[in-house]
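Engineer: Modelling step: build the complete structure from the supplied sequences, incorporating the hints.
Those protein sequences? They're chains U and L, same order as listed.
Sequential numbering from 121 applies to the first sequence in this note's numbering.
Sequential numbering from 121 applies to the second sequence in this note's numbering.
Check the hints yourself; a few may be wrong.
One copy or two, it doesn't matter: identical chains are merged, so the pair holds either way.
Capping the alpha-carbon separation at 25 Å, the derived lysine-lysine pairs in BS3-like fashion look like this [said to hold, decoys possible]:
id, residue 1, residue 2
1, 128, 460
2, 194, 349
3, 190, 391
4, 128, 462
5, 318, 234
6, 469, 391
7, 387, 417
8, 488, 469
9, 350, 462
10, 239, 391
11, 517, 234
12, 391, 149
13, 190, 470
14, 469, 123
15, 349, 318
16, 417, 190
17, 123, 462
18, 281, 349
In short, the hints are calculated from the structure, not lab data.
Protein chains: 2
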Amino acid sequence: MNKEELLKEYQRYQSMNLNINMSRGKPNKHQLDLSLGLLDVINSSSSFINENGIDIRNYGELTGIDECKKLFSKMTGINKENILIYGNSSLNIMYDFISRSMTHGVNGNTPWCKLDKIKWLCPVPGYDRHFAITEYFGIEMINIPMNEDGPDMDLIEEYVKDPSVKGIWCVPIYSNPTGITYSDEVVRRFASLKPSAKDFRIYWDEAYIVHHLYNGHIDSLLNIFTEAKKEHNEDIVYVFSSTSKITFAGSGVASVATSNNNINFIKNQLKCQTLGYDKINQLRHAYFLSDLESHMKKIADILRKKFEVVDSVFNKELSGIVNWSKPHGGYFISLYVPGKAKEVIERCKKCGVTLTDSGCAYPYHIDKDNSHIRIAPSYLEVDELRLASEIIALSVKIEL
Amino acid sequence: MNKEELLKEYQRYQSMNLNINMSRGKPNKHQLDLSLGLLDVINSSSSFINENGIDIRNYGELTGIDECKKLFSKMTGINKENILIYGNSSLNIMYDFISRSMTHGVNGNTPWCKLDKIKWLCPVPGYDRHFAITEYFGIEMINIPMNEDGPDMDLIEEYVKDPSVKGIWCVPIYSNPTGITYSDEVVRRFASLKPSAKDFRIYWDEAYIVHHLYNGHIDSLLNIFTEAKKEHNEDIVYVFSSTSKITFAGSGVASVATSNNNINFIKNQLKCQTLGYDKINQLRHAYFLSDLESHMKKIADILRKKFEVVDSVFNKELSGIVNWSKPHGGYFISLYVPGKAKEVIERCKKCGVTLTDSGCAYPYHIDKDNSHIRIAPSYLEVDELRLASEIIALSVKIEL
Chain U
121 MNKEELLKEY QRYQSMNLNI NMSRGKPNKH QLDLSLGLLD VINSSSSFIN ENGIDIRNYG
181 ELTGIDECKK LFSKMTGINK ENILIYGNSS LNIMYDFISR SMTHGVNGNT PWCKLDKIKW
241 LCPVPGYDRH FAITEYFGIE MINIPMNEDG PDMDLIEEYV KDPSVKGIWC VPIYSNPTGI
301 TYSDEVVRRF ASLKPSAKDF RIYWDEAYIV HHLYNGHIDS LLNIFTEAKK EHNEDIVYVF
361 SSTSKITFAG SGVASVATSN NNINFIKNQL KCQTLGYDKI NQLRHAYFLS DLESHMKKIA
421 DILRKKFEVV DSVFNKELSG IVNWSKPHGG YFISLYVPGK AKEVIERCKK CGVTLTDSGC
481 AYPYHIDKDN SHIRIAPSYL EVDELRLASE IIALSVKIEL
Chain L
121 MNKEELLKEY QRYQSMNLNI NMSRGKPNKH QLDLSLGLLD VINSSSSFIN ENGIDIRNYG
181 ELTGIDECKK LFSKMTGINK ENILIYGNSS LNIMYDFISR SMTHGVNGNT PWCKLDKIKW
241 LCPVPGYDRH FAITEYFGIE MINIPMNEDG PDMDLIEEYV KDPSVKGIWC VPIYSNPTGI
301 TYSDEVVRRF ASLKPSAKDF RIYWDEAYIV HHLYNGHIDS LLNIFTEAKK EHNEDIVYVF
361 SSTSKITFAG SGVASVATSN NNINFIKNQL KCQTLGYDKI NQLRHAYFLS DLESHMKKIA
421 DILRKKFEVV DSVFNKELSG IVNWSKPHGG YFISLYVPGK AKEVIERCKK CGVTLTDSGC
481 AYPYHIDKDN SHIRIAPSYL EVDELRLASE IIALSVKIEL
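Structural biologist: This is the structure:
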């Protein structure tokens, strides 16, 4: 098709008066339906005494109940003794950790709010809500390019020589939004990182640790905590995870796993913050997810089809024109339209398809190549998703 | 009985090898049983679309769902538009508010961590966990004596002339631990307070707003928010409440109510912290507590007996010797043993009865009169409670 024909096609879509929002990685209704049983595993006839003899309806158990620690231990491969269970949001834990580092410092080091400058490493493209936290605290964010096997480790090893660099955001498996998984080599280099700042921490967000699409390959992630222990360096990493995209988004449980040393410091501070998190919901999740793998396969059956729809439309329309990711898990497809991302997103918008804003996956919303578009296939039904993908592909062809 | 006889009696109790913990205001098993229905009101067959058409299983609704806002609106008498719903702990909200004031300041004012000195007013005796938060943040706490109708307002009005005084802790109804309720006059003076610091806030913890004992008198608390609005002073107060002692401690929902101005600032900051709290639990509570008053009366039927047991033992043993409170609601009885509180608590401990540490109800754990003992009747069964009360009374008589 020539430009004129493309524009005619675009007008045809415009006349459909669509209103399709694919801006966020929200689970779809059918995924949520797979977790309805979660609401029945504990009811008024249940026993409320857990395996350690605790009445889960009452106050107490600041660090969470054992049943739930075991669930996260299975997910992360980290001992239950090194796990703390929180409320419904791992993002909230990360916020809380940075907030606490600002006001009280990390493990006895100077509170960051007393320092002139705090810097943070941000592999890009990355997760917008991570960057929003560091921006909110006035932390200077430094872009680190992502390779196929993880972030540029040479650059990271160089940057951590600066003592004002205090942390890094990582989504090490099925990365948000590129979908890549860090190689064993990259994980080992993280595990043996020796930053100049003693209070440097790796914020290792295993958001998609069990979120395989089962589409021909299952990525596996080396256990950073085990590797760090080999180097006597286990204080360097906080491993976050949650059930947000496993059961009900917003009504799940979240956890952090880290060294004994870190756990002790955190516990001591945590007791000023709360008397403990929702233990009933913790036990609910432990019961319901007793066969986590089969549950995740059912979710994958729904998600995989959606990733295939987007990929097949792009294959048909955009092959040889632009590149996009073909992940084996996670929630996103990254589409690269060098120099034209903003324009494509605006064109889609005018046709009733809302994508995440351009630059969303970069600190300060600046994608200097104006290239990256984050596609979230999960929430839409297949027909809408196909339509949206066609409009995206068409908009790319018009703008390029 | 003479001293020798008292000590003989004490030895008799000691030989029973008791292990009774009445140190914390935890709900009793029978109270918790009254909320079992909470676990059935939402199950796998429920509709998950709320009255505003929102699928409560998914992400979103940062400020909470309307059904739950209405519940807290009924509890606090404040419009639902002025209410934010959080997770399971109002203490956690208070922590979060102070933490945010440290790092970001209140409504655009200088972050407290950038100031040399922050001071806080603490009516005493008060709630230990309040004081733990301000101590944790290095805020200097100033004792304010409590009268029968609330804290000493003359002193408060004097102290707030100091711009480094940024807040006050209040439990205005059935106060922890004295059980008193602030008079209308005291509430009005709070509502019209004009502190020198623009970022001064009243932390108004309505922990026991519906926790009447129905023992002859129902205390009522003037609505501070309405009063403050009359004075165009509504930014001054944050009103906290929760269902922690209404349904399951630790698995409830918590809220804060405040001015539009404050709400807007908080919302803007909150969106960096989380995508929202547990909406399923919010709806569960809204459904289950549709007849809140009759639920609270059932709880009172359990609690009232326990308060009566303590009071009757003290009446029998301690009348004319020492004073104690006779509250109409809340969770605590305050016993005053001038100069001997620490000794009484230690003597009880040696007899197998654990009370809260002496000084617990004072900033920095310093009760300069060594007088106050906090009695928590709720958790124990009646027989144990009677025994414990007898041991306390006996210990008082021995020590005095």
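Engineer: State for each hint whether it applies.
Structural biologist: Going through the hints against the structure:
no.: 1; hint: 128 to 460; result: within (20 Å within a copy, 90 Å between copies)
no.: 2; hint: 194 to 349; result: within (18 Å within a copy, 53 Å between copies)
no.: 3; hint: 190 to 391; result: within (22 Å within a copy, 31 Å between copies)
no.: 4; hint: 128 to 462; result: within (21 Å within a copy, 86 Å between copies)
no.: 5; hint: 318 to 234; result: both (16 Å within a copy, 24 Å between copies)
no.: 6; hint: 469 to 391; result: between (47 Å within a copy, 24 Å between copies)
no.: 7; hint: 387 to 417; result: neither (35 Å within a copy, 37 Å between copies)
no.: 8; hint: 488 to 469; result: within (21 Å within a copy, 67 Å between copies)
no.: 9; hint: 350 to 462; result: neither (45 Å within a copy, 49 Å between copies)
no.: 10; hint: 239 to 391; result: between (29 Å within a copy, 22 Å between copies)
no.: 11; hint: 517 to 234; result: neither (51 Å within a copy, 52 Å between copies)
no.: 12; hint: 391 to 149; result: between (37 Å within a copy, 24 Å between copies)
no.: 13; hint: 190 to 470; result: neither (48 Å within a copy, 38 Å between copies)
no.: 14; hint: 469 to 123; result: within (19 Å within a copy, 87 Å between copies)
no.: 15; hint: 349 to 318; result: within (16 Å within a copy, 50 Å between copies)
no.: 16; hint: 417 to 190; result: within (20 Å within a copy, 39 Å between copies)
no.: 17; hint: 123 to 462; result: within (19 Å within a copy, 87 Å between copies)
no.: 18; hint: 281 to 349; result: within (22 Å within a copy, 54 Å between copies)
In this structure, the hints that do not hold are numbers 7, 9, 11 and 13, in rising order.
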